[in-house]
Amino acid sequence: MSRYRIPGMGRVDPAAPVSFTFDGRRYTGLRGDTVASALLANGVHLMGRSFKYHRPRGPISAGSEEPNALIGTSRGPGRFEPNTRATVQELRQGLVTESQNKWPRLSFDIGAVNDRAYMLFSAGFYYKTFMWPRSFWDKVYEPFIRAAAGLGKSPTEADPDTYASRYLHTDVLVVGGGAAGIAAALAAAQSGAKVTLVDENPEMGGALLSDPSVRIDGRGSWAWLADQLSQLRAAGVTLMTRTTAIGYYHQNMVGLVERLTDHLDQPPQDAPRERMWRVRARQVILAQGALEKPLVFDGNDRPGVMLAGAAQTYLNRYGVKVGDNAAVVTCHDSAYYAAFDLVDAGGRVAVIVDTRDQVRPDLADAARSRDIQLLTGHTVTATGGRLRISSIRVNPVRNGRVGSGRRISCDALLVSGGWTPSLHLFSHTKGSLTWDADSQTFLPRHKTEACQIAGAGRGLWGYAEVLADGVTAGMAAITEIGRSAVATSARVEGDRPGTGSSQKELPTDRSAGKARAFVDYQNDVTAKDIRLAVREGMRSIEHVKRYTTNGMATDQGKMSNINGLMIAADALGKEPPQVGLTTFRPPYTPTSFGAFAGYHRGATFELTRKTPIDPWAEAHGAVFEPVSLWRRAWYFPRPGEDMHQAVARECRATRASVGIFDASTLGKIEVAGPDAVEFMNRMYTNPWTKLPPGRCRYGLLLGEDGFIRDDGVIGRMSPDLFHVTTTTGGAARVLNMMEDYLQTEWPDLNVWLTSTTEQWATIALNGPNARKVLEPLVEGLDLSDAAFPHMSVAECSVAGLPARLFRLSFTGELGFEINVPARHGLTLWNALMESGKAYDICPYGTETMHVLRAEKGYIIVGQDTDGTVTPQDAGLGWAIGKAKADFVGKRSLSRPDIVDPNRKQLVGLLTEDGSRLEEGAQIVLDPNQDVPMKMAGHVTSSYASDALGRPIAMAVITGGHGRMGETVHIPMPQGTIRAQITSTNFYDPDGERLKA
Amino acid sequence: MLLIHCPYCDETLPEVEFAYAGEAHIARPADPSALTDEEWRDYLFIRTNARGPHYERWRHVHGCGRFFNALRDTVTDRFVTTYRIDEPRPVLTPLEAAE
Amino acid sequence: MQRFSAMSLLKNALTGHKNWREQWPDSQPKAEYDVVIVGAGGHGLGAAYYLAKEHGITNVAVIDKGWLGGGNTGRNTTIIRSNYLYDESARLYDHALDLWENLSQDLNYNVMYSKRGVMMLAHNVHDVQSFQRHIHANRLNGVDNRWLTKEEAKAFCPPLNISPDARYPVMGAALQMRAGTARHDAVAWGYARAAAARGVDIIQNCPVIAIRRGADGAVEGVDTAKGFIRAKKVAVSAAGNTSVVMDSAGVRMPLESYPLQALVSEPVKPIFPCVVMSNTVHAYISQSDKGELVIGSGTDQYTSYSQRGGLPLIEHTVAAICEVFPIFNRMRMLRKWGGIVDVTPDRSAILGKTPVKGLYVNCGWGTGGFKATPGAAHTLAWTVARDEPHPINAPFTLERFTTGRLIDEAAAAAVAH
Amino acid sequence: MTTHDHDFTAAPFLIEERPWSPRLSLRVRPQHRETLARSLGLDLPSRIGHRSVTDKTELLCLGPDEWLILVPAQGRDDLMAASAEAYAATPHSLCEISDRDITLRLSGPQALTALAAGCPRDLGSLPIGNAARTVFDSATVILWRDGQDSFRMDVWRSFLPHVRAILHKVKAELSSGL
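Residue numbers (UniProt numbering), protein chains in the order written: chain A, 1 to 996; chain B, 1 to 99; chain C, 1 to 417; chain D, 1 to 178.
Since the hints were made in silico from the structure, they are not lab data. Predicted model, so just to flag it, every value in this text is computed and none were measured. Keep in mind that a hint or two might mislead.
To be verified - The calculated lysine-lysine pairs, modelled on DSBU-like cross-linking and capped at a C-alpha distance of 30 Å, are:
no.: 1; chain 1: C; residue 1: 232; chain 2: C; residue 2: 65
no.: 2; chain 1: A; residue 1: 153; chain 2: C; residue 2: 269
no.: 3; chain 1: A; residue 1: 102; chain 2: A; residue 2: 139
no.: 4; chain 1: A; residue 1: 139; chain 2: C; residue 2: 150
no.: 5; chain 1: A; residue 1: 139; chain 2: C; residue 2: 290
no.: 6; chain 1: A; residue 1: 514; chain 2: A; residue 2: 102
no.: 7; chain 1: A; residue 1: 882; chain 2: A; residue 2: 690
no.: 8; chain 1: A; residue 1: 153; chain 2: C; residue 2: 150
no.: 9; chain 1: C; residue 1: 290; chain 2: A; residue 2: 514
Just chain A, with the same shape it has in the complex:
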């Protein structure tokens, strides 16, 4: 049994010792301990170092608001996390922990020299210096500042754990499993409503767990608690512990994070570490209780200084005595109960220093009866000790004047600066707060969401009041959702009501300028830092916060906001509400990234779409490229081939005989109905009326701004039915755009749109032998050029499969695109490969497709166009139906800048030295100019062309269409390249091969 553990006390299991290490040293705690309670049981208070001054620090709290006792925790490779709150981390067998922000060791830290020079590191000091000489900032000052930054060390390995997420819909969500929350949940559950009760701690009960002496309905509070919990379970209430409500979002959506394995000795197979719950509740009840505030005085950060409520928790919940000889300084009644419990448990309390002149007589008597010296109207002006408090200096205060001080020795100091209602989630909703002058706290005012606030969160104190308020909140919630129940009430004996006040820093008889009175422990912000900020013109609490970093530590101001506000308000001579309260931001407590990422890691980070042919490509060694959500076969290297060689071979084979390409990712939309042709006329630039069924046409789609959005070949299957194809990336956008116009602009049209992208597998056959490969497989269609000319479409059977067969070409060769029901895609592919054997049929990927189309000057939307290119710019003026009165984007084509002859226009480029241009390379007309150069355009596409035996390129150049034959210049780092402007139609300009 550890030195400071009191047998028979607490909720820990004395029969279950748990072994762990801290900074390499082995300790033993008990099942149910936190790291903090276990170390305290072993007499260890020193657990960390502060951010700026590296001052020695111990735990000030017993909960998630802890700013000091932050440690590194780990469980094997990849499972290290920094900045874990020792006051929250439950003990588990073999847990390895380490202190942070110290060197060489926690008890002797070189960084503490900062503490000696503290006068220099006043608020905002870095804004005032490090500016001379200028070069020193990058080289010296900033690297120094950055090296000093941070608390713990970042993880350095990928996280092997998994994380989960879940949606939950509930009638009533109760946040906080203390007295108020339990009462509210039970009241709501009685109505038959679906109720969920969550609490961040390992067990429900809240403050009750630290107040075993209180009696409710004739039972000890712990027995009463156990009974209430079983009633809740019986009523079907979902109870979730180790679950933090991190954020309160629109329309009663609350994010919860459930910690599943960090407390387990040996997590089960496949168990996620944490689970994010997205809860949608009809009513939310916030019963988050209140947080105790420290008092601000010189040396209030010494290890051994601790919130009174925390000491009471360590005693009653963990059976740990925080010292042998404690002192108390308070401005709130609650600290008395902590002192009484400590004495009743066999401890010693030397003195209670109360800053107030009057104290409740019953408390005074109770103190005396326990031989506790009571000093009212006193202040604490200093503490002694280095790594642990050894004494305090107390002075009387008579009408504002501080009398002479005396030293009282102690090994622990329990402080209470009163309590702050926890309204974090409430303020996430932008609910407004009001300042309550009596209790000197902010209380909830205007609500923006369907929620109730109960208990200490409303500034109530004492179990009788809090329980009653919980019932009221529960009843209110169910009434709101049209349910009802009978209100119950609880009888409380030995209640612990209390009042108190909020304080600025305590009065002192010493120079305030010298006092090290901490407001934000972790960030080392002192009272005088805040007063300095005000003196320098920081009048809003937001400015004070940002200038001093008060409230920006990992406790997010839970310990420091109100104390900081009281001091700032005093310095400004204003009431606190006039200075304002900084808004609380989600998450309520720091939340691991993994919990947010959930299932979306690695292969499932984002979905990957694959075509029916994809397995074949994978089996045949294709290299893939991601294109929008799809993965597409990029090229098919043979052993020993690099990309360049593979693509050259694929191009050669296709032009020489036949190539086969998986075009299944192309978007497909069925446009059907009596007004289909009218709809097509309005959407696309081209005219469609005269296109007979059985024929197809290249279609161009603009945005209303006149710029090219998408393109594709469109076949007319019947008078009222079009088979529209879109770009791979454009499919969803184009369909959405069509639906938009159809539903909102032209609801009168009898047209219906259906996405058939995934209904069809699409395989392209290109090359002089394409027909020879296809013909044997086709039934019900004459493939001859006469019967089925270029740009035809028909339904027929291919390899015994129902097919939509297009004759079209994106390569300049005789080409076909065969669409068959997707589930047969692979069958067709294999049949074509088989039939193509005799012609050395060659599978090719997207790269070869790009080269072949470039040799013909066919554009790729998104590569040769970039959202600022009009049809004329792209040399596609021919695709515009001149006779059409209107189509999407037509009006924009006559805007002044769009008709400017000097717009950048798409042309071909051939380098004089035969070198291959870089895509994206910039073009100038005059190479002999200084930087910045006047740029005339850029290279959009550039490939080594096997067919032409030389590199080719496409580019947009200002006034390009009028510059055929001119020479332009491409200044590269290695030197300027000369190139000639040509047509983009490099290969077979007369299109003879198409007619093959």
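Chains B, C and D: place on chain A using the hints.
Positioned in the frame of chain A, the structure of chains B, C and D alone reads:
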């Protein structure tokens, strides 16, 4: 995450089923060619961007697929109402405006 | 103005810091000013500073509905770069970069401009093409920006995951070495202090009710919560609220305001040396001098002034960060917040004169306003002082939406085929 | 249904892929719904999410003018013919999408829980015998509730691997008991 009432499904459903579709009641001109460049610019680009009640369009893209209109307060993000694309713009009651 | 220096710091340290004077007074409005600037963010305060410093116009008021620097200046992820594609953008942002480099000395206020390099990741062939285009254009514009192989990218930013098995494998990156970050609040405070020292009034918590125009249509002043303030020139620099303010002057804007979210992690020792942006997976990250990972998210899909913003977007952003930097999975989010960004149809700013005499506007910066702060402020001051465009802000007119001469950086990074 | 003889102690829920069967998308203006229904011999429910069954043909109303039809293989051609017949009098669109979607069946005591891992809707309140088009993770899906803990999920072909992968992660998670 907002909750949105789809006037076609007549259900109140999570935002992720919906896609925002910009300001509502900006009809495409019947004869764009008759418009001045300024008038065309107004149609293309000028938006109310109201701070408060805002008439806007949504599409129930992962549901019934319909575009519909909504009146939402852009300060509170609360929906005042949603209505079918063919319904007239609802008149804003002073009380709602005050919101 | 009380000079800041190592000496003054030391001197004050020894006297308990009792002698620091206020950095700017809390001014009340006068009846009339030569220029009123609406919006006390970095842009508005900066414009006032340059009006006073470079144009001798000191009878200037900067008014704000809240506290100075309380809008997007204090809510952004502080990324500063100038490697934009179009000449117009590159000039403007590079002009800003030039000013950033001397801003601390110029203002006698350390804004902690940190040239740590901004690296943009390419995840597919289209990204590579687009980045190469940027790099070549930047080179000819004299803007530094260079291509890194994925191995070089990894060497420059060790936490980066360059595994080819990643869902979006890294294929390389574009690096601008001159780019980096700055301490956002210090920018607002530094400008405020320096402007106030030159006689500029900074009037906080004074919402503008309307811009008043005379019979001739020209600007007469602004009606505010603290009464009417007369001024022949009014410059609106109100970010998300610009539409509302301009509307009161009868000028309708091509703007929409969206919520933009950002977040920071708990502070850790230095692990992340630079700034990394990935437009493909929407991840923007750097590490602050305090040790926090500063992470930018995307905009929510709907317009809003609520400064809230939803959970799904944040989940995606964090997932993206963990995808590109798997070692951060066990890091913890400390705080997330929202801002309101005003977005134009071509994602470029509107900066300069308006159809109304005496009314100037500086808006539409979308998610990229912080980096432009000194450049926008500097050229806006010029335009207000001379009532004519500055060569650098001249292309960023309202007229471009009529003529079609857009500066569409977003479209230029069009999605892949 | 195969759910009954399955041992769910081994796995918390069962994922089965349904065999291919014809699937058509029918579009017609609401005012022509009844006329068309008569000529096609179908019962077209008017409320979104409602279903009807007529001799092995299952119908689901997905939108004010949209119905999904699951028809046995032999009935498909007859329906197509009837549709062509009716077109002139009652313009509409009948588009085959049999290969666009693949259907999974999810069943077992934790089927609802599994769906709650990726679907933001309150599926507990989805009436048995109804269906809904919604999202699961990042995929649009149609969820048919056939029983208390028996669902069908229609997913576009190329989205299926992702949906499956997520479901298997959930399965492992639920098997761990946490």
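Do the hints match the structure? See the list:
The suggested pairing of residue 232 of chain C with residue 65 of chain C holds, with an alpha-carbon distance near 21 Å, which does not exceed 30 Å. Restraint check for residue 153 of chain A and residue 269 of chain C: satisfied, since their Cα atoms lie roughly 5 Å apart, inside the 30 Å limit. Simply put, residue 102 of chain A and residue 139 of chain A have alpha-carbon atoms about 24 Å apart, close enough for the 30 Å limit, and the pair holds. For the hint pairing residue 139 of chain A with residue 150 of chain C, the CA-to-CA distance comes to about 27 Å; that is within 30 Å, so the pair holds.
Between residue 139 of chain A and residue 290 of chain C the alpha-carbon distance is near 18 Å, which keeps this suggested pair within the 30 Å criterion. Using a Cα cut-off of 30 Å, the hinted pair residue 514 of chain A and residue 102 of chain A holds, with the two alpha carbons roughly 25 Å apart. About 14 Å separates the Cα atoms of residue 882 of chain A and residue 690 of chain A, which keeps this hinted pair within 30 Å; it holds. As the CA atoms of residue 153 of chain A and residue 150 of chain C are separated by approximately 26 Å, the hinted pair is consistent with the 30 Å bound.
Between residue 290 of chain C and residue 514 of chain A the CA atoms are separated by roughly 26 Å; this keeps the pair inside 30 Å, and the hint holds.
The structure agrees with every numbered hint stated previously.
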